[in-house]
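So the chains spell out like this:
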Amino acid sequence: MTCAQPFISSSRMSIGLGALVVGMLQAALPAAEVPAPVLAAERERIAAIERASQTAVAIFAGEAGGGSGVLIRSDGYALTNFHVVQPAGIAMKCGLSDGRMYDAVLVGLDPTGDVALVKLVGRDDFPFAELADSDLVEVGDFCFAAGNPFLLATDLEPSISAGIVSGVHRYQFPAGTILEYSDCLQVDAAINPGNSGGGLFDAAGRLIGVNGRASFEKRGRVNVGVGYAISANQLRNFLGFLKGGRLVDHATLGATVATDEDGRVVVSDILESSDAYRRGLRYDDEIVSLAGRPVRTVNALKNILGTLPAGWRVPVVFRRAGRRMEILVRLEGLHRPTELARLVAAEEAEKQGPPSPGGGPRSAAPPPVVLPDSLKDLYEARNGFTNHRFNLLERDRVAAGIAAASTWATPAAAWVMSGRLETGAPFRIVLSDTRGLIDLPTGTTDVDATGELDADPSPPGSGGLLAALLLWRRLVIAGPEKLGRTSYWGTQPRDPAALDAAGAADLVDVLETAAAAVEARFAVADDGGVIGIELWPAPDADPCDVRLEPRPAGQPGVIEVRHGDALFGRFFIEEFRFEPMARKPAGETS
Amino acid sequence: MTSPVGTSCTRAVVGRALAAIALAWSTAAAVAGQPVETIAAAARKVVKVYGAGGVRGLEAYQSGVLVAPEGHVVTVMSTVLDADDIAVVLDDGRRFRATLKGIDPHRELAVLALDGEELPAFVLDDAAPLGVGSRILALSNLFGVAVGDERVSAQHGVIAAFVPLAARRGAYEAPFRGDVYILDCTTNNPGSPGGALVDWQGRLVGVLGKELRSAASGVWLNYALPSAEVARSYREILSGQAIAPPSADARPMAFDPLALGVVLVPDLLDKTPPFVESARPGSAAAQAGLEPDDLLVAVNGRAVASRAAVRQALALVAEGDPVRVAVVRKGVIVECDLGPRPAGAAP
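Chains U and Z, in that order, give the protein sequences.
Each residue of the first sequence is one higher than the one before, counting from 1 in our numbering.
Each residue of the second sequence is one higher than the one before, counting from 1 in our numbering.
Chain U extracted, bound-state conformation (with noise of 0.2 Å):
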């Protein structure tokens, strides 16, 4: 206002008086008087908005709208919202802040959490956000959206809106029949359409989330002050599945729960067929916690729950008639499996318009899809997969990691462990290609390693361990390819018992094979190193679950095996040898 007068003048006269006025605003505002922490802190957030923009993607659909996205791994890969990449299909574009347009390929999805995964080519050196804790997240730290709201970023520099986390742990019902946020963040730092997908950083630029609703009102597709994000600990549990290229599911406890009038979170119905009800999960049972954390509310175990992918196994505490129970419960799928790709199919539809005016059902084929050069050898379509090339890519990554790690390994040769069991009984396990064995004081069993192994869970009581261990044999010998039908699966807890509401779950990789009528899932930690098998001979039985703990030099020292609710035995290795395969195959006792 007290410049607007003077510069009716000539602008030799307005340069001087321009001068002027900044100078006595300078005057009035010295930077000498403001505290050096101060400044500190004006630069320390500059250069965190500086990094986490250069992070920022900004995604456009054609015609279909577009929105944003957040790297998160130098060799590209950026996560966004579902709702995002829907109508731009396989490949999209995506801009940088460089002011330059990539391609990009869809590699996986989470339809209920509204996450998608994509990667950017042409680079290597890719600038991109950390992970943060989320859990660590409060009400009224500082935080900043940086996106692409409204399509703005025409020259592909992100908007920021900065603001303050004005909740945590908010539950968002479901948008239709999937779009759950769970556990999310709830922020007033603007969040306009196109806003979608793009990052949420804390002070100090690193990702605490990446946005994808807002509460709509009367004012229309605009900011109301209320915006929602999904945490980076949620987005941290189905980011190996979405590596995978998977079309993932959320998880369901088998059990739904209700308030009762005391104001305690109980049990309201559950299905026998899950595995909560196996474990011993009953109606009426008060739930204490889930996977570390308390419950508290219906809302904290929707909320809970909502941040664990399908499979996963984790500790449930309950209590019944005064006492407090603690048990390991496999989470099913939100979705039956052919479910989710439906809905998928039929939200696709929907946002394609209404069927043609001929009345006949809308072809359920997808458009053909028509890659760029660049993105030729990056997807293969299969079903149950977003995109099946990416989950090849990290099956082959992981066999990588163990064939590295597992130099110890003789392969044409009969591996014996002997040792002593926990009572200090003596115990050998005996596997070659043709035979398992096992001789434990309560007797010897044997199986036939060459035909399936579906029929025989021995020894009894193990629910398979002989079979587990022959196929953990010929998945270090041979690699998954000559495993069986094996991909990749996903991430799991090393350790689920250990689940604990502080900090971010510790991770490993997870191999799926489907071999000699059995399935198995193997863990696989950085090093490559196999820590984990479950085995199931059945479908619907409870698996054998095994834990290798291996010594410094490779081999297992320990074996930990349980079946069901029991533990079968905990066998500690005193020798490993690698033995002959002789015609009479090693371990026959004469």
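It is possible that part of the hints are untrue.
What the hints assert, rightly or not - Cβ-Cβ distance ranges computed for the label pairs, FRET-style:
1. Met325(U) with Glu117(Z): 31 to 41 Å
2. Asp179(Z) with Glu348(U): 45 to 55 Å
3. Leu271(U) with Ala83(Z): 33 to 43 Å
4. Asp85(Z) with Ala514(U): 24 to 34 Å
5. Asp149(Z) with Arg323(U): 22 to 32 Å
6. Pro174(U) with Leu238(Z): 19 to 29 Å
7. Thr256(U) with Val332(Z): 51 to 61 Å
8. Asp149(Z) with Leu151(U): 31 to 41 Å
9. Ala345(U) with Arg280(Z): 52 to 62 Å
10. Ala345(U) with Arg169(Z): 39 to 49 Å
To be verified - Short derived list, chain U residues pointing at chain Z, Cβ under 10 Å:
11. Val139
12. Leu152
13. Ser166
14. Gly167
15. His169
16. Arg170
17. Tyr171
18. Gln186
19. Asp188
20. Ala190
21. Pro193
22. Asn223
23. Thr297
24. Ala404
25. Thr445
To be verified - Not close to chain Z: a few residues of chain U, all C-beta gaps over 12 Å, as computed:
26. Leu151
27. Gly254
28. Arg278
29. Gly280
30. Arg282
31. Asn303
32. Ala310
33. Leu328
34. Val416
35. Glu519
36. Gly557
37. Ile573
Treat the hints as calculated values from the structure; they're not laboratory data.
Virtual Cβ for every residue (Gly too), placed ideally from N, Cα, C.
Position chain Z relative to chain U; hints supplied.
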């Protein structure tokens, strides 16, 4: 013509202003700490109120502030309280049945009483109003998103103005005309009314007002009643003085169709049918082709049965928004666009 220097000067001023805001934030952040602790402490004194509603766009929930340790809650007077069973849920998840202690129809506030002891409560005093530009935090159960022991939502902002309230709800003017805080903070959301406006030290500065539009522009208002006004209201309600009839000023808002060039037949009866007498030459009505003896039946989709109804329906259209009327002409319904609604004419 604007000189280029003028532009750069403006830019410098804007830049300075932005820098000042940025500095204010970082000063507070670096010196007084993040508002995390302030919010955590103040949110314990904010409650979720549940009552009647849940139909036809009327929410069954709002917010309230605890102002006495024995369990007095100040909230807004609304249809939510038209219930035999009013529930109040505290920050720690405790649920109370509340009784309506009294209402203040002038300020549209109400006091609820819970059967509590030593509850965390705000100090309600007659403190001088906070200055324009002061940073504030708004705590409320917007959209009913927090349930049980989940904490109410926190938003940040700035006091933008301290001015008399000139607001309306539907076609009716809000009875309170005193000074209120206008906030640069989107507090006008379902569930927010009755929430706490606090400063960065956590002191109660005001109570978030009802969902109202500006009488002048029609935009939704983000505003709060200052705590001194709330304190007066609380005292009056407790002493039984506040049960006054609604202010005689609470008459429907109206907009004269003459501003659009529509001349209606003289208003002789209680419900004079809105027949067009003429369209002023050169006016929007003339351009739209309104003819004498046209009977107005709807304004922007709202049925109008009388001259008064036309004036009220026009008052609901925000300034600048298009006006579309339906008339019956020789037995046929004809729609006419009258263009944007001009600024408010005197009723």
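Hint by hint, here is what the structure shows:
{"no.": "1", "hint": "Met325(U) with Glu117(Z): 31 to 41 Å", "result": "holds, 36 Å"}
{"no.": "2", "hint": "Asp179(Z) with Glu348(U): 45 to 55 Å", "result": "holds, 54 Å"}
{"no.": "3", "hint": "Leu271(U) with Ala83(Z): 33 to 43 Å", "result": "holds, 38 Å"}
{"no.": "4", "hint": "Asp85(Z) with Ala514(U): 24 to 34 Å", "result": "violated, 57 Å"}
{"no.": "5", "hint": "Asp149(Z) with Arg323(U): 22 to 32 Å", "result": "holds, 25 Å"}
{"no.": "6", "hint": "Pro174(U) with Leu238(Z): 19 to 29 Å", "result": "violated, 45 Å"}
{"no.": "7", "hint": "Thr256(U) with Val332(Z): 51 to 61 Å", "result": "holds, 57 Å"}
{"no.": "8", "hint": "Asp149(Z) with Leu151(U): 31 to 41 Å", "result": "holds, 40 Å"}
{"no.": "9", "hint": "Ala345(U) with Arg280(Z): 52 to 62 Å", "result": "holds, 58 Å"}
{"no.": "10", "hint": "Ala345(U) with Arg169(Z): 39 to 49 Å", "result": "holds, 45 Å"}
{"no.": "11", "hint": "Val139", "result": "holds, 5 Å"}
{"no.": "12", "hint": "Leu152", "result": "violated, 19 Å"}
{"no.": "13", "hint": "Ser166", "result": "holds, 4 Å"}
{"no.": "14", "hint": "Gly167", "result": "holds, 5 Å"}
{"no.": "15", "hint": "His169", "result": "holds, 7 Å"}
{"no.": "16", "hint": "Arg170", "result": "holds, 6 Å"}
{"no.": "17", "hint": "Tyr171", "result": "holds, 8 Å"}
{"no.": "18", "hint": "Gln186", "result": "holds, 6 Å"}
{"no.": "19", "hint": "Asp188", "result": "holds, 4 Å"}
{"no.": "20", "hint": "Ala190", "result": "holds, 9 Å"}
{"no.": "21", "hint": "Pro193", "result": "violated, 16 Å"}
{"no.": "22", "hint": "Asn223", "result": "holds, 7 Å"}
{"no.": "23", "hint": "Thr297", "result": "holds, 4 Å"}
{"no.": "24", "hint": "Ala404", "result": "violated, 46 Å"}
{"no.": "25", "hint": "Thr445", "result": "violated, 53 Å"}
{"no.": "26", "hint": "Leu151", "result": "holds, 22 Å"}
{"no.": "27", "hint": "Gly254", "result": "holds, 24 Å"}
{"no.": "28", "hint": "Arg278", "result": "holds, 30 Å"}
{"no.": "29", "hint": "Gly280", "result": "holds, 27 Å"}
{"no.": "30", "hint": "Arg282", "result": "holds, 24 Å"}
{"no.": "31", "hint": "Asn303", "result": "violated, 10 Å"}
{"no.": "32", "hint": "Ala310", "result": "holds, 26 Å"}
{"no.": "33", "hint": "Leu328", "result": "holds, 27 Å"}
{"no.": "34", "hint": "Val416", "result": "holds, 58 Å"}
{"no.": "35", "hint": "Glu519", "result": "holds, 40 Å"}
{"no.": "36", "hint": "Gly557", "result": "holds, 46 Å"}
{"no.": "37", "hint": "Ile573", "result": "holds, 49 Å"}
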